[in-house]
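Q: Sequence:
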Amino acid sequence: MSQNPSEDVKDDVLLACRYGDLEDVETFVKQYGAFALADVRDENGSTVLHMIAANGHLDLLNHLLPLLPPTLLSVQNESGSTPLHWAALNSHLEIAQKLVQQTDGPGRDLIDIKNKAGRSPLGEAELAGWEEGAKWFVEVMNLDADDSKEQPADEGDAILDTEDGSNRDIEVEIEDAEGQVAKMKLSGKQISSASQASKP
Numbered sequence: 017m018s019q020n021p022s023e024d025v026k027d028d029v030l031l032a033c034r035y036g037d038l039e040d041v042e043t044f045v046k047q048y049g050a051f052a053l054a055d056v057r058d059e060n061g062s063t064v065l066h067m068i069a070a071n072g073h074l075d076l077l078n079h080l081l082p083l084l085p086p087t088l089l090s091v092q093n094e095s096g097s098t099p100l101h102w103a104a105l106n107s108h109l110e111i112a113q114k115l116v117q118q119t120d121g122p123g124r125d126l127i128d129i130k131n132k133a134g135r136s137p138l139g140e141a142e143l144a145g146w147e148e149g150a151k152w153f154v155e156v157m158n159l160d161a162d163d164s165k166e167q168p169a170d171e172g173d174a175i176l177d178t179e180d181g182s183n184r185d186i187e188v189e190i191e192d193a194e195g196q197v198a199k200m201k202l203s204g205k206q207i208s209s210a211s212q213a214s215k216p
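The opening position of the sequence shown corresponds to residue 17 in this note's numbering, with each subsequent residue numbered one higher.
Simulated from the structure, these hints should not be mistaken for laboratory data. Just so you know, these numbers come straight off a predicted model, no measurement behind them. One should not assume that every hint holds.
To be verified - Capping the alpha-carbon separation at 20 Å, the derived lysine to any residue pairs in SDA-like fashion look like this: (1) Lys46 to Leu81; (2) Lys130 to Gln113; (3) Lys26 to Ala52; (4) Lys132 to His79; (5) Lys26 to Glu39; (6) Lys130 to Leu159; (7) Lys26 to Lys130; (8) Lys130 to Thr87; (9) Lys46 to Arg57; (10) Lys46 to His79.
Let the sequences and hints guide you as you build the complete structure.
A: As structure tokens, then:
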């Protein structure tokens, strides 16, 4: 196994990740190892995971996640974006879910990382108008449950149950740090989380 791929070889494997060429990526890993793949960056500091996440190559992601160090999931490029930012920007739900749910990875903490523009992956999803992804991020993101228990109920708080005990859907608004608001409908089970997230 060779230890030092040339810059041309690194460029080639980045392109292979961008275009989802599993065979070329496997050849690179056999020749140089998974650690060499984890060290590959483009001129903007983007990793192979950035390329895969941006372009929605789920089969390649599934193949590589067990081979790559979990720390690669939270690597930020020169603009401060992680692979999850790129998955959100390009509306790739299954990719986003895999990145967040990867064993031994940062998990839902990835949703809190902000790029240099001050946007989290949730903010990128909202900016892209990707409601499905924004809704999923809200459902799984970190919420400060202790603060919400201490705060008195506001007039605008959602009522989760109707008189007959059945849950109902309501529309909520989620505001990010830049003041952008995303509207979405949530079921009764999701409402308590969403209403906590929307409080200042």
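Q: A separate judgement is required for each hint: does it hold in the structure or not?
A: Hint by hint, here is what the structure shows:
Of the supplied pair hints, the one linking Lys46 and Leu81 holds, its CA atoms being roughly 16 Å apart against a limit of 20 Å. Straight-line distance between C-alpha atoms of Lys130 and Gln113 comes to about 18 Å, which keeps the hinted pair within the 20 Å bound. Between Lys26 and Ala52 the alpha-carbon distance is near 9 Å, which keeps this suggested pair within the 20 Å criterion. The suggested pairing of Lys132 with His79 is violated, with an alpha-carbon distance near 30 Å, which exceeds 20 Å.
Restraint check for Lys26 and Glu39: the C-alpha separation of about 15 Å stays at or below 20 Å, so the hint holds. With a CA separation close to 16 Å, the supplied pair Lys130 and Leu159 stays within the 20 Å bound. The suggested pairing of Lys26 with Lys130 is violated, with an alpha-carbon distance near 27 Å, which exceeds 20 Å. For the given pair, Lys130 sits about 16 Å from Thr87 by alpha-carbon distance, which is consistent with the 20 Å threshold.
Between Lys46 and Arg57, the direct Cα distance comes to roughly 19 Å. Compliance with the 20 Å bound is thereby established for this hinted pair. Simply put, Lys46 and His79 have alpha-carbon atoms about 13 Å apart, close enough for the 20 Å limit, and the pair holds.
The structure fails to meet hints 4, 7 from the earlier list, while all remaining hints are met.
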